[in-house]
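**Q** One letter stands for each residue in the lines below.
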Amino acid sequence: MASGRKGRIVSISGNMAVVEVDGVVVQNEVAYILHGDEHLKSEVIRVKGIRAELQVYESTSGICVGEEVEFTDELLSVELGPGLLGQVFDGLQNPLPHIAEKHGFFLKRGIYLEALPKDWEWDFTPQVQRGDNVRAGDRLGSVPEKMFNHAILVPFNLAGSFEVVYIAERGTYSFKKPIARLMDAGGREHEVYMKQVWPVKAPIRAYAERLKPTEPLITKMRIIDSLFPVARGGTYCIPGPFGAGKTVLQQLTSRHAEADIVIIAACGERAGEVVETLKTFPELTDPRTGKPLSDRTVIICNTSSMPVAARESSVYTAVTIAEYYRQMGLNVLLLADSTSRWAQAMREMSGRLEEIPGEEAFPAYLESRIASFYERAGLVRLNDGTTGSLTIGGTVSPAGGNFEEPVTQATLKVVGAFHGLSRERSDARRYPAIDPLISWSKYRSFIRGDQKDDGHKILDRSNEVSQMMKVVGEEGISLSDYVDYLKGEFFDFAYLQQNAFDPVDEATSEERQSYLFNIAHNIMTSEFEFEDKADALHWFQVLRQRFRTWNSEEWKEAGFDRLEADILSILADKRKKEQHA
Amino acid sequence: MHRVYTDIARIAGDVIIVEADGIGYLDIAEVTTRFGKSLAQVIRLDGKRVSLQVFAGSRGISTGDRVRFLGHPMRVATGDNLLGRIFNGSGTPLDKGPELSESLIDIGGPPVNPIHRVIPNKMIRTGIPMIDLFNSLVVSQKLPVFSIPGEPYNELIARIAVQAEVDTIILGGMGLKYDDYLFFRDTLQEHGALSRSVFFVHTASDPTVECLLVPDISLAVAEDFALKGQRVLVLLTDMTNFSDAIKEISITMEQVPSNRGYPGDLYSQLAARYEKAVDFDTAGSITILAATTMPGDDVTHPVPDNTGYITEGQFYLKGGVIEPFGSLSRLKQQVNGKTRSDHRTIMDTMIQLFADYRETVEKLSMGFQISPWDEKLLKYGRIFEDQMMSLKVNMPLEQALDQGWRILSDCFAPEETGIKSSLIEEYWPRQASAE
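The listed protein sequences correspond, in order, to chains G and H. Numbering-wise, the first sequence is residues 1 to 581 according to this note's numbering. Numbering-wise, the second sequence is residues 582 to 1016 according to this note's numbering.
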């Protein structure tokens, strides 16, 4: 939709174009550079007098000074409606499979397709009647989308209270046909369609209130759920050097987390990893619904070779779609991999704008942008009293693996949990490589508080002894110190580590975690009698091996019970007698 | 219609500014000086002022020299005529062959739609146990060799190239020593691979910025071959030189540096090249093997660090061998389950035991007590280094696996290795058996 306002390019550097505008210009409005028959999408990011500075979402190769630019009056927006689930979009919400069908191997610039084609049809069931009063975010009706009842909501941009003057009957409609007409207090009527448009950089706030996140979001990763839990509606981050397993961790979470909907934002990372997700998800079944995982997933992918500016918008596109599903009372999980690439896109643009740089040349507004992104997460009570949640987990790729860098530090300030991956752990093949000595979470775990603290304590103690041994050797420490060391190692190997390639061990339910933790806790807090260090080492090795095998046994099946009995008898062997009281 | 301008307004670093109209961003121009001709590329447009980076450097350019704009971005000829040919960093023949101008394509083309990629699933056999057995190379993988200068990384890359089963080899040399260039040429010639290779060589004596085009030219040619269904292997050596050229230009253009002088977009620049590695669903493939020298053996240096975040693992070359720790092929899991039933087990067991060996070596150097188990590990470690790690070892995967079993049985009892009993029964060499 053109506003009729035009301008001409006066300068180009990288993906920034400066345009002299005739008339007014709106900050953050979308403009198109007219280059031959190509129309290249861009966004106004700064205005100086009659000059507007645009970030161009495409390659700027071949563009000349003097070429025409058309302004649209619209902010960068996404389409929201049924049909998003199972889709793969780029950072500007272009449907990639559709583009592949029409345009072949490559993503040629200037090609934009509708995210939700107008002629798609859906079976609409009304839930309001003529004369009802509604507000933005209220349900007008619903359509079946995959396994959900996708709610058709009063558009979020309608302010105030409205009277329903027309509501479509039950039936099949396309996006072209209005399904309702709403009248505002001034008597003006607004037509409502099954899809609506929302600017990505503004949060959707059509709910009654924001609540404090309390319930844990089960990821089925033992080290996360038990020691460093994530809450529904909370935020967490995973910083780690390359090769430490950030992406594998995100992939596992996207499969097993107990969320209704998972939005994956692959932001500036390898195309190969996205391909793995998008080709395997349709074949994996969601254990909770028995349907393909892709049915509850939306992938937003802007891989590292795609234009940088669109990388910046991809995280916003993803979070807006996530907020939209939260408005239906669903629990949504957004996984962003990696937020550092998004920050780098900001840095690149800031450099082109010749802004005064902050630390490591990141712009001064880095922190506030990161904060406002994570703040879009949250548990909310909707107008109808039900709740919905949006949990955000972002990976961070710190330069040189050093957490003292601006993106990690800015992220740590705003998130509720920190899962720090360490090179030492991944080198030692201890997966997940979340370092229990540096990670933290402000959320509550389903493990009892004092038991959880004991877990942390034994890990700290074990680490202390291990440091000591590096200096004085194994022969230089006492047997009881050595046993403390072994207990920590045991807890790490038998409980915290998890084999992502084992079909049973890759995901542990809440029930099983509580059960296991109880036994592990018992071992950590009991006293045992050993003849010498070799005896202790051997005993713990045997125990560890049994526990690991136990972790691969199906919950409460025969093999599980057999190993449990076996483990308990090994324990009884060495336990100090007075403990039996 | 080519437009010629003669008023160069500014010369700084390897960037010149001319006043001109109607010039496209990233277009190519030809600068003629009394020393000869050089290509230049538009890197900024500001009103009439056009900034150009001159690939041959700005030395000797006069403010009155001619700048001829070609009206299009950088292009390169493609097709089978290129095979066996050697060009410089701008695509001009270095051998005695003719200039090529057939089927020209733009370099630095658009990214591949991820929908048309397949999950990598084909192993590339190299005959090097440290790769085939422990960190398998996979079709469409992008994998750099991290090493300090002076390590035999070019030898390693050349050896993989001649032994790998691929249709076409493209060598992109950046800041390549002349000797190394000759080495690549002779090695490929010797193994009969030169006739299916194309060289784009920028040597250390050429102007630095000229190497900026090398990855894009090499990859554009590779992409064309891949689209015609060929399996292409691209060798890029050394990407640190490429990064340094980017640094030089960005400093000249007064961009704010982010880390040790490198521009903030180093990641994107490197990714745009490495991400050209692809396995098309209905065409051929591109696999990229690169050299990244690490100044001061520092893996946190911006070039190896950014590279590590982009590539699918790395081979870490140290002391003339591929170091098992620090080396990683992220795609190995996609292929090593389909080779032989003992592949993954041998891989894991031998590496774990080798890690134990390293610990024992440390213990030994600290003067702590050595147990009989430590003695076994010491023996094992030395044999492993000699018969597996050494780059002299050259054998197919299956033979390397058999060798692995032999080494294990020479040093340990079966139960000490922690290997599943079913595999022990199948593979453990029987002692004192016939032969």
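These are computed hints drawn from the structure, not numbers from a lab. Watch out, some of these pointers could steer you wrong.
As the list claims (entries may be wrong) - Just the calculated beta-carbon pair ranges, DEER-fashion: (1) H:F764 x G:Q27: 53 to 61 Å; (2) G:M183 x H:E835: 54 to 62 Å; (3) G:T386 x H:E746: 54 to 62 Å; (4) H:G842 x G:S478: 38 to 46 Å.
The C-beta atom is built at its ideal place from N, Cα and C for all residues, glycine as well.
**Q** Hint by hint, note whether the structure agrees.
**A** How the hints compare with the structure:
1. Between F764 of chain H and Q27 of chain G the beta carbon distance is about 57 Å. The supplied range of 53 to 61 Å therefore holds.
2. Taking the beta carbon of each, M183 of chain G and E835 of chain H are about 58 Å apart, inside 54 to 62 Å as hinted.
3. Between T386 of chain G and E746 of chain H the beta carbons are some 59 Å apart, a value that agrees with the proposed interval 54 to 62 Å.
4. At roughly 52 Å, the beta carbons of G842 of chain H and S478 of chain G sit outside the given window of 38 to 46 Å.
Hint violations for this structure: number 4 only, all remaining hints satisfied.
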